[in-house]
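Now for the letters of each chain:
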Amino acid sequence: MAIMMYWEALQRAHDEELARDPLVIVMGEDIGVAGGTYKATKGLYDKYGPERIMDTPISENGFTGLGIGASFIGVRPIIELMSVNFAWLAMDQIFNSAAKVRYMSGGQLTAPVVIRSPGGTAHQLGAQHSARMEKVFMGIAGLRVVTPSNARQAYGLLKSAVRCDDPVFIYEHELMYNMKGEVPDGEYFHPLEGSEVARTGRDITLFGYNISVHWCLQAAEILAAQHGIDCEVVDLFSLSPLDRAGIKASVSKTHRALIAEEAEAAVGVGSEVMAIINEECFFELDAAPVRVSAKNVPIPYNHTLEKAAVPSSKDVVHAVLKMFGKS
Amino acid sequence: MKPADKKRVLREMLFARRFEERCYEAYVERKIGGFLHLYPGQEACAQGVMEAARPGHDYVITGYRDHIHAIKCGADPKAVMAELYGKETGSSKGRGGSMHIFDVAHHMMGGYALVGGPFPLAAGIAKGLKMKGSDAISICFLGDAANNQGTFHETMNMAKLWNLPVLFVCENNLYGIGTRIDRSTAVIEQYKRVSGYGIPSAQVDGQDVDIVYDAAKIAVDHVRSGKGPYFLELMTYRYRGHSMSDSNAYRGKDEERMWSKRDPIIILRDRLIEAGAITLDDYKAMDTEILDQIENDIIKFAEESPEPVVAELEKYVLADNDPYVRPQINRGAR
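Respectively, the protein sequence lines represent chains A and B. For the first sequence, the residue numbers in this note's numbering are 15 to 341. For the second sequence, the residue numbers in this note's numbering are 1390 to 1723.
No wet-lab data here; the hints were simulated from the structure. By construction, the Cβ of each residue, glycine as well, lies at the ideal position given by its N, Cα and C atoms. Worth double-checking, as some hints may not be accurate.
[Said to hold, decoys possible] Subject to a maximum C-alpha distance of 16 Å in a straight line, what follows is the list of computed EDC-like cross-link-like pairs (lysine to aspartate or glutamate):
1) B:Lys1704 x A:Asp179
2) B:Lys1521 x A:Glu65
3) B:Lys1519 x A:Glu65
4) A:Lys53 x A:Glu43
[Stated by the list, open to error] Sample of chain B residues at the chain A side, in silico, Cβ under 8 Å:
5) Ser1481
6) Lys1482
7) Arg1484
8) His1489
9) Phe1491
10) Leu1503
11) Ala1511
12) Lys1516
13) Gly1517
14) Met1520
15) Gly1539
16) Thr1540
17) Asn1546
18) Tyr1713
19) Arg1715
20) Pro1716
If we strip away everything but chain A, and leave its shape as in the complex, we get (with noise of 0.2 Å):
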C-alpha cells in the first residue's frame, strides 16, 4: 500500500490507462499544457501529446457532446469537468446524448465516456461555484454515478470507469483532492455498484457519500467515546444505481439510520435512501431514519453563512443524540 493524495491517485489511474490503450484520450479545460485544476492530470501532457490529452475551448456542452460522439466508435475520454457548476451546460450532451443512445439505439450503440467533475461548498467560493449536483445525475437511467471518498476509491473507481462500456459520471470534491489515503500498489479495479462498510456499529448505520462519509466517520468517533453509541458508517460510492442489498442489510442490524449529504435535501440522495429502507426493511426500524442535509439555498459568500448553509459532522453528531433522546 503506498499513501497518497486523491489528486496523485487519479492522476495515476489516467496513467495507466493511457498507457495501456491509445484509444483513451483525456479532455478538458486547463487540464494539459496548464497541468489540470486540481493536478488530476499533471504532467500527461508532456507524456501523451497535444493530441491525447485535449486542452478544450470553453465550450462545455460542445467538447462533451465531442468525447460522447468519439466515444460512439471505441474512442475511451475520460472529459474533466472543472466545477460540476459547469456541467449544467453540458447537461444536454450527458442526459440526451450519452445516457439515452444505447437504449434509443435498441443496444447498437453505446457511449463509454467517463465524465469526471468536482463539486461541494470550498472556501467561499459563491452561489455559481458551490452546487452540488450529484442528485441531477443520479436520477438519469442510462448513466451511472459513482463518487470516490478517499484516495484509494478515487484510483480504483476511475481504473473501472473507463473499461466499463456505460457512462459514467464521477462526482469529486473540491476540498478532498490533498487528502491522503492508502492505494493499493498494483493495479486495482473498484466495483462501479455497491456499497462499503467504512465503519462497523450495532447501534445506527450513518449514510454517507463523497466527504459526507467523513463527517459520519468523525460523528462516530464522538458518539462512540462520548455518548457510548457505536455507530456504522456505509459509504455509498454508487450513487446510481443505490445498493439497495447493503442499505437494507445494515438497518436490519442496526434498525436506525441517519443520512448525511451537502447537498439539499429535496429530492435527494437522502430522500431516496429514505425510500428505499421503506421498501425494504420499514419493519426493521426502531426510529424514523432522518437526514442531515444542506439548507435550501444558494450558496452564500460570507464565511460565516457558508458555514450554517451546509452541515457538517457536529449536525450528525447532533441528530444522532436527538434520535437517541440524548439531546
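Let chain A serve as the given structure and place chain B on it in line with the hints.
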C-alpha cells in the same frame, strides 16, 4: 455523376418519395405514432451527398428527419418501416421510433431529436476516425435552424481548431419548424456563417441532384484528403409541414407552388428523358414497381412483425453484465 448511375439515382429518389408518402398514410391510419418528420422535396440532398460519399464506410449522423439518410447508408427499408411501426424487428428494436433510426453496421450513427445535438457528436466521430487513421469521414446532415444553437458555434470552432474530418451538410429548407429563416436568423446565407471559423463552404441548389453531387464531391474530397472540415449548404424545400402536427399555415400557396416546379425527381426524370436514357413509360413502370415493393414487401413486413415484449422493457439501459461493475479485486478482465 456517371450517366450509368443516373437511372438508379432516379429510382432511389422516387423510392424515397414513395416511402415517405406511405409513412404519411400509415400515420393517418395510426399505425405510426409519435412525431413524424417527412422528407419529400429534399430527396436530392441526401441522395447527391451520399453518391459522392462512401455509404456504409463513411459515418452519417443527423436530426429527426432521418429515414432516408439511414436508407442511403444501407439500412434495410423494411427495418426502418418496422421501427416506425414500433416493432421488435425495427432498426432500433422499436425503442427509438421515427426520430431515432440507427444502423451502426452501416455506419448510420443515428437520428437525434435535440436540434443541433448531432454537431459535436459528428465532430467526435471525426476525432475518433482521425485517431484510428481511418480514411472514412464523418458527415453531419442538419437543417438551417440548427445553426442557431450554441452547439453549431462550439463545434465549428473545435472542428477547425483540431482539423477534424467532418463534412457539415446544411439542408436549408427555409423554415425552423414554423418560423421562416428571415424571422429567426440575422445572416440568411448559412454558408457565410462558418467563415468566422475559417471553414471553407459552398452554397448550391439542393433540388438538382447533379449539382448537389458535384458540390458534394468537392466537399467530400476536401475532407477525406485531410484538409479538415467543410460546410455545404443545400437550398431546398420540404413539401409537408415540419412534422405531422403542422398544418403549414405559416407559408403561402404561391411559395409552395413555386417550389413544386423545382421538384428534384421531376428535374432528373425530365433530364434523363431528354437525353434519351429513359422514356416516360419507363418512369411509370419504375413507379409501379416501387409502390408494389413498398406495399407487398416493406409494409407487409412491418405489419406482420412482432411487438417487443414488455419483459424486455429495461434491456438496453445499461450494458449487460459489464465485468467492471463488480470486478474481481485486483484483476482486470479486459
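A quick look at each hint next to the structure:
{"no.": "1", "hint": "B:Lys1704 x A:Asp179", "in the structure": "15 Å, holds"}
{"no.": "2", "hint": "B:Lys1521 x A:Glu65", "in the structure": "12 Å, holds"}
{"no.": "3", "hint": "B:Lys1519 x A:Glu65", "in the structure": "10 Å, holds"}
{"no.": "4", "hint": "A:Lys53 x A:Glu43", "in the structure": "12 Å, holds"}
{"no.": "5", "hint": "Ser1481", "in the structure": "4 Å, holds"}
{"no.": "6", "hint": "Lys1482", "in the structure": "3 Å, holds"}
{"no.": "7", "hint": "Arg1484", "in the structure": "5 Å, holds"}
{"no.": "8", "hint": "His1489", "in the structure": "4 Å, holds"}
{"no.": "9", "hint": "Phe1491", "in the structure": "4 Å, holds"}
{"no.": "10", "hint": "Leu1503", "in the structure": "5 Å, holds"}
{"no.": "11", "hint": "Ala1511", "in the structure": "6 Å, holds"}
{"no.": "12", "hint": "Lys1516", "in the structure": "5 Å, holds"}
{"no.": "13", "hint": "Gly1517", "in the structure": "4 Å, holds"}
{"no.": "14", "hint": "Met1520", "in the structure": "6 Å, holds"}
{"no.": "15", "hint": "Gly1539", "in the structure": "6 Å, holds"}
{"no.": "16", "hint": "Thr1540", "in the structure": "6 Å, holds"}
{"no.": "17", "hint": "Asn1546", "in the structure": "6 Å, holds"}
{"no.": "18", "hint": "Tyr1713", "in the structure": "4 Å, holds"}
{"no.": "19", "hint": "Arg1715", "in the structure": "5 Å, holds"}
{"no.": "20", "hint": "Pro1716", "in the structure": "4 Å, holds"}
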